[in-house]
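There are 6 protein chains.
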Amino acid sequence: MSEATRYERGLAKLVEIYGDRGRQLIASLQDIAPDLGRYVVEFAFGDIHCRQQLDLRSREIATIAALTALGTAGTQLRAHILAGLHVGCTEQEIVEVIMQMALYAGFPAALNGIQAAREAFAENASKR
Amino acid sequence: MSEATRYERGLAKLVEIYGDRGRQLIASLQDIAPDLGRYVVEFAFGDIHCRQQLDLRSREIATIAALTALGTAGTQLRAHILAGLHVGCTEQEIVEVIMQMALYAGFPAALNGIQAAREAFAENASKR
Amino acid sequence: MSEATRYERGLAKLVEIYGDRGRQLIASLQDIAPDLGRYVVEFAFGDIHCRQQLDLRSREIATIAALTALGTAGTQLRAHILAGLHVGCTEQEIVEVIMQMALYAGFPAALNGIQAAREAFAENASKR
Amino acid sequence: MSEATRYERGLAKLVEIYGDRGRQLIASLQDIAPDLGRYVVEFAFGDIHCRQQLDLRSREIATIAALTALGTAGTQLRAHILAGLHVGCTEQEIVEVIMQMALYAGFPAALNGIQAAREAFAENASKR
Amino acid sequence: MSEATRYERGLAKLVEIYGDRGRQLIASLQDIAPDLGRYVVEFAFGDIHCRQQLDLRSREIATIAALTALGTAGTQLRAHILAGLHVGCTEQEIVEVIMQMALYAGFPAALNGIQAAREAFAENASKR
Amino acid sequence: MSEATRYERGLAKLVEIYGDRGRQLIASLQDIAPDLGRYVVEFAFGDIHCRQQLDLRSREIATIAALTALGTAGTQLRAHILAGLHVGCTEQEIVEVIMQMALYAGFPAALNGIQAAREAFAENASKR
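Protein chains in written order, with the numbering used here: chain A, 1 to 128; chain F, 1001 to 1128; chain P, 2001 to 2128; chain Z, 3001 to 3128; chain W, 4001 to 4128; chain B, 5001 to 5128.
The hints are simulated quantities; they were obtained by calculation from the structure and are not laboratory data. Nothing here was measured: the structure is a model prediction, and the numbers come from that model. The beta carbon of each residue, even a glycine, is placed where N, CA and C say it ideally should be. You may find that some hints are simply not true.
To be verified - Now the in silico label distances, taken between C-beta atoms and shown as ranges:
1. Arg1057(F) x Arg5057(B): 31 to 37 Å
2. Glu1016(F) x Glu4091(W): 29 to 35 Å
3. Ser1002(F) x Asn2124(P): 36 to 42 Å
4. Glu5091(B) x Gln52(A): 43 to 49 Å
5. Lys4127(W) x Glu1016(F): 40 to 46 Å
6. Val3087(Z) x Ser4028(W): 53 to 59 Å
7. Gln5030(B) x Ala2122(P): 20 to 26 Å
8. Ala5012(B) x Arg1128(F): 39 to 45 Å
9. Ala3027(Z) x Ser126(A): 51 to 57 Å
10. Cys5050(B) x Thr3090(Z): 40 to 46 Å
11. Glu1016(F) x Ser126(A): 39 to 45 Å
12. Ala3027(Z) x Ala4125(W): 49 to 55 Å
13. Gly88(A) x Pro5034(B): 39 to 45 Å
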């Protein structure tokens, strides 16, 4: 597959999962690190997220869990909570995933994850 | 609910998810930190994993993702990969979850997660 | 012990350590993840912090050290610095614990911990 | 070498690398943890950064990479990006180092590192 | 204070806390990074651990908590558990500190910390 | 550029940096996660490490620093220390980079990094 195809396929998947927010992320990198934006599209979305071996809902559950546990990527966690809602997770399911991280990364990680969920849920509600 | 009930409910859930390996973990703590074992049973399994708001398969996907991303808990990651197989994840799905962590925690985390999966899959195969 | 007793015991311990700030944390979770608040009360405070085998001052020193080293939980670090003052640590002792983390987690962790201490000390002073 | 000499040597190196921003960091610690500031000068700069076995440009590349990967020290990352520019790295080289961290610590770490670079580059431009 | 004095003071403190194990750590670095060993003696022990503002028992509680929470330094965690015993912590107190980390860094961190304690306690028993 | 070209370019770069060890890594993934090996070749080496904006020596310094600081990827750290030697870093320079991480990630991270260097240097010496 050519790079052009990977980019196009990745951008379509990015927009399917994130909506316009996805385009904005890529656009925001144009002035400083445009190739990082291109790799996000080509590799993260054109390669990984286009794989058929796992459904998008499970992929977002995995990402929300990992980012909650790491605790170093609040912006990205909020984006993936919105993506989770977009691909079919309920708010309650997302809260459960985050709460469960208290077991594996401690209560502060879960509490900060819940705060990210609160902000993402509010953003989602304001767009409907 | 009384503590006895939480413990019994938690132990049943622990064995449902982990099989005998779960009992062994708790037994291994008796000589040094028996209460930590009790909290694992009561809180992690009697409280969190008994919650109905998320299915066990999604819970294991979340845990496998988080432990792969954190990269500090190889023993527990192997245990949860076995648990994932036990509650209905396929080997391919587990590999996908771990591969995806390359995006969120880097390639070394994913490569070490795959090594944990290799060991867990072998242990699982040897028990059938 | 029944769940009601654990909750009551935990809430009393939470207020002993944190004062009203503890109640506010639990209240703030009511709209989105009330059970996470309940687990904080029952497990973190009703189970762990009620244990007699270690004094509260040592428990707060341990928590301040860990949260400074992890570097991912600024809100919780400030809360535990206030709790440390509340259970008898001096400001100087807390600064020492945080400074020592330069050895085990690096200077940025210690510098960010000191910034959290500055904010917590100011909040504490404003309440007297 | 006496402590006075280490302090003087360290302060000179700190100012060589950071300019006035270095003095401000040390001054900002005077009211709460002056000895932490002294150790930064004596040990971090008087001992480590004065070592001749590695050039300052390589040292800043190493630090920018590490702080981007850790993801817990935004303030210090911005300071070291400015220091990197100060000791001869180009903006493009710094962007490359940060982008490369997508491989070793994941895309969120790289994206947050790029955001730190954007802010540091702007601060640097405003001072010229 | 001259460097010689810091080194001597640090070495005495290192041996006070760690016994011969401390000397072995420094000796083990002679062939590859002798200056790192020197900095451990001078800065970690000659500067930080000689400070009077916090007792050694509290310092070891802080370090055991931090290393358990970080989960990346098993060798050092075992050494500090031995040091904790050496400066007056009981085995039970050390187990409590580690168990408490389940709250702040998750159960896998606590379980791995308990395993380190088991090994350190056995080493300590074999030396008596 | 087509995928075939990215793969070929990436494999050539992988072997340039790692020698046969690089081929072995990819081969070791064939039975369980062959696509992860393909992404390492295509994205990590065909995309990132082929970029001209930063020299390979600086890239390895960045990676050694990051993996030392993270402390969760011993296998990969050893591989990158060998790669660093391969692209022109001296043993002394690598030791300096690792020592410097004591400042940014703490002494345990630096000490464990030095242990990785010891093993990598021995492996390198045995192959000459």
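Evaluation of the provided hints:
no.: 1; hint: Arg1057(F) x Arg5057(B): 31 to 37 Å; in the structure: violated (46 Å)
no.: 2; hint: Glu1016(F) x Glu4091(W): 29 to 35 Å; in the structure: holds (34 Å)
no.: 3; hint: Ser1002(F) x Asn2124(P): 36 to 42 Å; in the structure: holds (39 Å)
no.: 4; hint: Glu5091(B) x Gln52(A): 43 to 49 Å; in the structure: holds (47 Å)
no.: 5; hint: Lys4127(W) x Glu1016(F): 40 to 46 Å; in the structure: holds (43 Å)
no.: 6; hint: Val3087(Z) x Ser4028(W): 53 to 59 Å; in the structure: violated (33 Å)
no.: 7; hint: Gln5030(B) x Ala2122(P): 20 to 26 Å; in the structure: violated (59 Å)
no.: 8; hint: Ala5012(B) x Arg1128(F): 39 to 45 Å; in the structure: holds (42 Å)
no.: 9; hint: Ala3027(Z) x Ser126(A): 51 to 57 Å; in the structure: violated (43 Å)
no.: 10; hint: Cys5050(B) x Thr3090(Z): 40 to 46 Å; in the structure: violated (19 Å)
no.: 11; hint: Glu1016(F) x Ser126(A): 39 to 45 Å; in the structure: holds (41 Å)
no.: 12; hint: Ala3027(Z) x Ala4125(W): 49 to 55 Å; in the structure: holds (50 Å)
no.: 13; hint: Gly88(A) x Pro5034(B): 39 to 45 Å; in the structure: violated (29 Å)
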